[in-house]
Amino acid sequence: MSKTAKERAGSAVAHRRSIALGVVFAACLAGPAAAGELRAILEGEAAVTSDGNYQQSAVAEDGGDEMVARGGLSLRLSYDMKRSSLALVYSPSYEQSLDNQEDSQGLRRDRSGFAQRLLFGFQGALTRRTDFQIQERLFSSPNLDLYLPPTSPDTMAVTRRGDQLSHNLNASIRQELTRRTGLTAAVSHSLRTFENSDLFDTESYGVDLGWNMNLDRDRSLGFSGGLGKFEYEDGRDSDVRLANVYYAFLLGRRTQARVDAGAFWVTSVNFVPLVPETPETLPGEEAPPLVPLVPVDEKDSGWRGGVQLSQQGDLFNWSLGYRHDISAGYGLGRAAEADNAFVGLSRALGRTVTLGLDGAASRQHDLQEFADFRGSDEPVSEFVTGTARLSWNIVPSLRLTGGYSRVWQSARVEPFDDLSYSRYFLGLAFRIFSTGETPKNPLSPQGLRTSGGETESGEENP
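Residue numbers (our numbering): 1301 to 1762.
Keep in mind that a hint or two might mislead.
[Claimed, not checked] Derived DEER-like restraints, expressed as beta-carbon distance ranges:
| # | residue 1 | residue 2 | range |
| --- | --- | --- | --- |
| 1 | L1515 | A1471 | 22 to 30 Å |
| 2 | R1479 | E1737 | 25 to 33 Å |
| 3 | L1515 | L1398 | 51 to 59 Å |
| 4 | E1337 | V1653 | 25 to 33 Å |
| 5 | D1498 | G1424 | 20 to 28 Å |
| 6 | T1430 | L1515 | 29 to 37 Å |
| 7 | L1698 | R1647 | 37 to 45 Å |
| 8 | T1430 | D1518 | 23 to 31 Å |
| 9 | G1686 | A1557 | 17 to 25 Å |
| 10 | R1479 | Y1394 | 50 to 58 Å |
| 11 | W1603 | N1514 | 20 to 28 Å |
| 12 | A1340 | A1485 | 31 to 39 Å |
| 13 | V1653 | T1427 | 40 to 48 Å |
| 14 | L1700 | R1428 | 45 to 53 Å |
Please keep in mind that the hints were generated in silico from the structure rather than gathered at the bench. Even glycine gets a Cβ: it sits at the ideal position worked out from N, Cα and C.
Go ahead and model the full structure; you've got the sequences and the hints to work with.
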């Protein structure tokens, strides 16, 4: 399948998933209005961004800066029923490059196209002792998304051009065994596609089975084991086995903490040339046939783990996290070890102004036991970004947002080139419709609770 066909297929998956979730939501609202509580906010958005010398031209004035205009909608809602609840954030938009020029290398800098973000969470009770949960994260854009604060340690990189789509779906069911213990079974699916032919589309699957125990009201302990599979468009694939133990607890009255530790074992199919048995050809002799590529299994193992802390207050919120783990490799077409971290904080100044600072870092390493990638301890890619943002509610139905981001990237593989640039963004959001209180956070791990701040639910999206 060609790259363009794969991109169309990925977009079709995104649209089908959006429609399916809309059908689920409509079905949940089909009952009597008294059956649940609806909270919803629909906003229109208009924004402009400027990336300084995004293409890293030798002369910044030579078409280096790029201006992009954005316009779209943002829907945030949650719906609580007697035995279940759901929440979502959906933001479709269109981005139009205002500088359709070519850089010094003859590459067009046009990043126009349709973008969409979907965050969805649903949880319900099947019986008094059995409940289930579904979470979906989907993002599709021709641009690097820096408009919302990071909420988890994820792999990031700048690809400069071409649409990309990222989808992650997780579903789990928990069976309570006693008042303190339970079993959890989970499945996951992810898809990442790129228009850029130098990047490899990746699909992954996973299953997980775990046991957990509430030590007391503020502490819990759990163990799990799982299987995963990474598949790449060039025919490579990797089989992964995972083991993990976690400990979650409270630090003080409001600070939530979680520590994970474990190991991974990975077996990857790597295509290597079959060494011919015939000697090299002499002048005038007929050349031997092309050397075929044969699949070879290669194995590696390592440690995985991480830590996350968060505190939610009335005026001040902060969170941070770090994770080291096996990953499908961001566009590499092979498994890799990834170190990802994020930090974010927000501060409300009165009732109308919110200030925020956040950052994210990501690094990918080759698995050194794999023969054709051995020979360098340097990271495949390193990415760091920091953002300062401001949100000002001019009136209840009109909000002004703005911010500044700085991006650094270093890489030793194409197309992740070394680059460093700044981004400025300014946006205006106007409320079209609202009902009920502030919608809950769709990715909250504990009961779709209100996030305590507005950043995770999209309040600061320009």
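Which of the numbered hints above does this structure break? The structure breaks hints 5, 6 and 7; every other hint is satisfied.
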